[in-house]
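If you read the protein sequences in the order shown, they are chains A and B. Per the numbering used here, the very first residue in the first sequence carries number 24; after that it's consecutive. Per the numbering used here, the very first residue in the second sequence carries number 37; after that it's consecutive.
Hints may be right or wrong, so weigh each one.
What the hints assert, rightly or not - Here are the simulated distance ranges between beta carbons:
(1) A:Leu131 with B:Val97: 52 to 60 Å
(2) A:Gly132 with B:Arg151: 51 to 59 Å
(3) B:Arg109 with A:Trp51: 19 to 27 Å
(4) B:Ser112 with A:Gly166: 51 to 59 Å
(5) B:Ala269 with A:Glu376: 48 to 56 Å
(6) B:Ser182 with A:Gly166: 49 to 57 Å
(7) B:Tyr74 with A:Ile250: 51 to 59 Å
(8) A:Ser307 with B:Val392: 47 to 55 Å
(9) A:Asp407 with B:Arg281: 16 to 24 Å
Said to hold, decoys possible - On the chain B side, residues computed to face chain A include the following (Cβ under 8 Å):
(10) Gly108
(11) Ser138
(12) Ile139
(13) Gln250
(14) Ala315
(15) Gln316
(16) Phe317
(17) Gln456
Source of the hints: derived by calculation from the structure; they are not laboratory data. All values reported here derive from a predicted model rather than from experimental measurement. Where is the CB? At the ideal position from N, CA and C, for every residue including glycine.
The primary structure of each chain is shown beneath.
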Amino acid sequence: MDIMQEGAFGNYRDLMEDITYSPLMGTWLTYIGNEKADSTTGGVPDENYAREVMQLFTIGLIELNQDGTPKLDSDGQEIEVYSNDDITELAKVFTGLWWADTEFGVSLGRPAIPEIDVLPMEMTESQHSPFSKSFLGETVPEGLPGDQSISMALDILFEHPNLAPFVSKQLIQRMTTSNPSPAYVRRVVEVFETGLYTLPDGQIVGTGVRGDLAPVWAAILLDNEAIDETRDEDKTFGKLREPIIRFVHWARYANVSAVEVTNSPPVVNGATTASLGQTPYRSSSVFNFYRPGFVAGGSETAAAGLVSPEMQITHTATAITYANFMANYVFQKSTKVWGGDYAGPLAVSGDTEAVIEYLDLVLTAGRMSEATRERVRETYESVDPEDGIKLATQLIVMSPEYTTQH
Amino acid sequence: MTINRRKFIRNVGAFGAASGFAANLGSFNAFAADTSDYKALVCVFLFGAMDGHDTVIPYDVESYNQYEGIRGRLISDLDNSTEGYSPRRRDNLLELAGNGSSIDGRTFAFPEEFRPLHELYAQGDLAVVGNVGPIVEPITRATFESGSARRPPRLFSHNDQQSIWQASQPEGARAGWGGRFADIVEAAGANSNSTFTSVSAAGPRVFLQGENIQPFQISSSGAQSVDFLDVNAHLNSSVFPAHYRDALLNANGATSNLFGTDFANVNRAALEANELLTAQFAMPGDPVTQMPNSSLGSQLGVIARLIARNANFGVKRQVFFVGTGGFDTHANQPTELPGLQADIADSMRAFHDSMVELGLSDKVTSFTASDFGRTLTRSGSGTDHGWGNHHFVMGGAVNGGRILGNIPPPEFEHDYDAGQGRLIPQIAVDQYAASLGQWFGLSDSEVLEALPGFGNFDPTALSNLFN
Chain A
24 MDIMQEGAFG NYRDLMEDIT YSPLMGTWLT YIGNEKADST TGGVPDENYA
74 REVMQLFTIG LIELNQDGTP KLDSDGQEIE VYSNDDITEL AKVFTGLWWA
124 DTEFGVSLGR PAIPEIDVLP MEMTESQHSP FSKSFLGETV PEGLPGDQSI
174 SMALDILFEH PNLAPFVSKQ LIQRMTTSNP SPAYVRRVVE VFETGLYTLP
224 DGQIVGTGVR GDLAPVWAAI LLDNEAIDET RDEDKTFGKL REPIIRFVHW
274 ARYANVSAVE VTNSPPVVNG ATTASLGQTP YRSSSVFNFY RPGFVAGGSE
324 TAAAGLVSPE MQITHTATAI TYANFMANYV FQKSTKVWGG DYAGPLAVSG
374 DTEAVIEYLD LVLTAGRMSE ATRERVRETY ESVDPEDGIK LATQLIVMSP
424 EYTTQH
Chain B
37 MTINRRKFIR NVGAFGAASG FAANLGSFNA FAADTSDYKA LVCVFLFGAM
87 DGHDTVIPYD VESYNQYEGI RGRLISDLDN STEGYSPRRR DNLLELAGNG
137 SSIDGRTFAF PEEFRPLHEL YAQGDLAVVG NVGPIVEPIT RATFESGSAR
187 RPPRLFSHND QQSIWQASQP EGARAGWGGR FADIVEAAGA NSNSTFTSVS
237 AAGPRVFLQG ENIQPFQISS SGAQSVDFLD VNAHLNSSVF PAHYRDALLN
287 ANGATSNLFG TDFANVNRAA LEANELLTAQ FAMPGDPVTQ MPNSSLGSQL
337 GVIARLIARN ANFGVKRQVF FVGTGGFDTH ANQPTELPGL QADIADSMRA
387 FHDSMVELGL SDKVTSFTAS DFGRTLTRSG SGTDHGWGNH HFVMGGAVNG
437 GRILGNIPPP EFEHDYDAGQ GRLIPQIAVD QYAASLGQWF GLSDSEVLEA
487 LPGFGNFDPT ALSNLFN
């Protein structure tokens, strides 16, 4: 998380390096303490990180055009980027890494050093595979020291033509729309490749180095496809917002401050009947909370041929727990939840309509439906404003206008 | 009435070459699904890929020694994990005995953790199906390496192989074979209410998605209710409860956006189905058999509660999905896997016992599935991604106490080794699924409709799976 926060506006290659050396990633994907092959016991290097760094973090499984669409062979079939032989070879690269300042040895376990979890792993040469490593048509030469092998391997992945479309498309999916057009992806990919983006006012941002993420974010958020006002009429544009984003949006609106996740058990306890349906820091695997290619079976988006990634964790078993989770906070039904204050809407001068306009602006981006307005209006006016604003808030956080963005 | 395909095949005799299977079957299929009695299929998905090599373990002395030599510390690390006890040493394994339990003179055993399922095996209610996995057509090491046999896409990738197991296609597939089975029995009029025809206790899973049938995701805690909905007033507002209900139903909502429509539809389905569940679960009828307090145990527990009320829900055919994870044992397999195996065995056994209690054990068939198998080779303290795996089919209708399919010897470079003991499947998922579909009551043409790939394989390979 810290690595992501620090690297979000840096270069993607640096993120790859920092993540690879993180002992938390090393532990999660089991390559901390990964040993070179042992011919006497038949043991071979663990393939876990080699596989997922390619499949999930850099290039994906199939060859991509620069607009993010799959390349097809002469039979119209997708083309796989690598075989298991590539994995077995790359696995040799990620051998010899161990906790910082500590003697290599799986049996020794995690050392009791302060902040060891954030100190980059270090290379133990004697445990690094000395052989050459050939993958993706490139070769890390025999005998190259471990850190240099890793650096060269990450360069190979970074330079791969799949990297920019694979990463860019998923960044778009997280920020603006689940199903970006190929042209949108291509425009962002070009910025990823050049490291430069021209803002609407003509100012150029970015370092000019391939993989610079700051101009990529600008390209995603300021793309015409994302900001064109006619998008509201396009039923296929936009995305469902993931539960944690919906919750944080409420927390900001309600002026929740001094937040410590650990002092609000409902946020970190996903097993209750009133859980958010997405527990921060606890995705169940390296495949994250949901997949970019998820199709919600039987849904309107599926019928339209669209993916809807966030729907993977929004289903009939989490719908009611989400409603109860939000109500728990909005009404502050327990001392274990952060209470909000509603100073913002309560300070609105004027009548109910002015309050609704305020709520529409800060919660539903001007998209509140007539039906929601009507429910909010009657409910708000039925009691005093302090209670009325809470009830109105709960109605709104359950509306499609709030839970989606488009 | 139905024709039992096995009998048909037996009567007619031989089948043709691979491409001819479908044609043979297509010629005699005038019969629709039989849905006269209650039946349910339960898919138990082992996420991450359970190591079948470490579950159906070579037992004859020669094979065991070979296995021990290859697995090394994956066995020795378990020595003395309990005082004086070594759960993976041969003497402590649970032999699979009886007719049909050996292959070419080689015998097999379950680990101690599987004792509850070993008992079911011994009494004939559990069968092992060896070396099952997704394949497109029969394939061997030679045709795999030469590339002459077609292979499934994206081998060894977790999410994609999970999807291929469930739906014959990589991630993004829109319907699975469980859902297609459900479509077919629904069309045959099996169920008067389709809300609970297809139910997952493990979130949305493409296995259960049909072309028409919409799966319901149930919470393992049972029926859920929305707070502040069934009250006269909340925060003194008497109009809030009704408006809140309308908000959840998105009443009069003119959502123009498809994502918003999907969100609203999920809320509506959740509210309506849970009201039905709340009413039914308030009445007596739960099995008294205690389920383990694990995620898998709880999921199977809520499924048992649903099955117990099948008549009340108006269903004669149901497909279910439960799942549990943690099987991706790249490291620490000796400390991680045994507990997971115990959970599977305890949970599945308790589920079977509750079906016995309900008098439905021969009407409910459970089967395992998993992303893929694992390597025979050891990497560090774990194993890596493989392909074919050994699976378990449980229920009173199962012709158990035997091993179907094949379990290759614990060595390398045999005809079904894709390298490092990643098994090349000899039983297609399509064959495994087809035998379950036949038991479920599907006609032969309906099986092919749900599993088009089945036509590429020997239809008799698992013809002895059910009594």
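For each hint, the structure was consulted:
At about 36 Å, the CB distance of Leu131 (chain A) to Val97 (chain B) disagrees with the hint of 52 to 60 Å. Taken as a hint, the range 51 to 59 Å is violated for the pair Gly132 (chain A) and Arg151 (chain B), whose Cβ atoms sit roughly 31 Å apart. Checked against the hint of 19 to 27 Å, the pair Arg109 (chain B) and Trp51 (chain A) passes, with Cβ atoms roughly 22 Å apart. At about 33 Å, the CB distance of Ser112 (chain B) to Gly166 (chain A) disagrees with the hint of 51 to 59 Å.
Separated by about 24 Å at the C-beta atoms, Ala269 (chain B) and Glu376 (chain A) break the suggested range of 48 to 56 Å. At roughly 34 Å, the beta-carbon separation of Ser182 (chain B) and Gly166 (chain A) lies outside the given 49 to 57 Å, and the hint is violated. A C-beta distance of roughly 56 Å is found between Tyr74 (chain B) and Ile250 (chain A), which places it inside the suggested range of 51 to 59 Å. For the pair Ser307 (chain A) and Val392 (chain B), the supplied restraint of 47 to 55 Å is violated, since their beta-carbon distance comes to about 33 Å.
Between Asp407 (chain A) and Arg281 (chain B), the C-beta spacing of about 23 Å keeps the proposed range 16 to 24 Å intact. Interface hint status for Gly108 (chain B): upheld, as the beta-carbon distance to the closest one in chain A is roughly 5 Å, under 8 Å. Taken as an interface hint, Ser138 (chain B) does not check out: its beta carbon lies about 27 Å from the nearest beta carbon of chain A, beyond 8 Å. The closest approach between the C-beta of Ile139 (chain B) and any C-beta of chain A is roughly 24 Å, which is over the 8 Å cut-off, so the hint fails.
Taken as an interface hint, Gln250 (chain B) checks out: its beta carbon lies about 4 Å from the nearest beta carbon of chain A, inside 8 Å. For the restraint placing Ala315 (chain B) at the interface with chain A, the shortest Cβ-Cβ distance is roughly 16 Å, beyond the 8 Å limit, so the hint is violated. A distance limit of 8 Å between C-beta atoms decides the matter here; for Gln316 (chain B) the minimum to chain A is near 16 Å, and the interface restraint is violated. Using the Cβ-Cβ criterion of 8 Å, the hint placing Phe317 (chain B) at the interface with chain A is not satisfied: the shortest such distance is roughly 14 Å.
Using the Cβ-Cβ criterion of 8 Å, the hint placing Gln456 (chain B) at the interface with chain A is satisfied: the shortest such distance is roughly 7 Å.
The structure is inconsistent with the numbered hints 1, 2, 4, 5, 6, 8, 11, 12, 14, 15, 16, although it conforms to all the rest.
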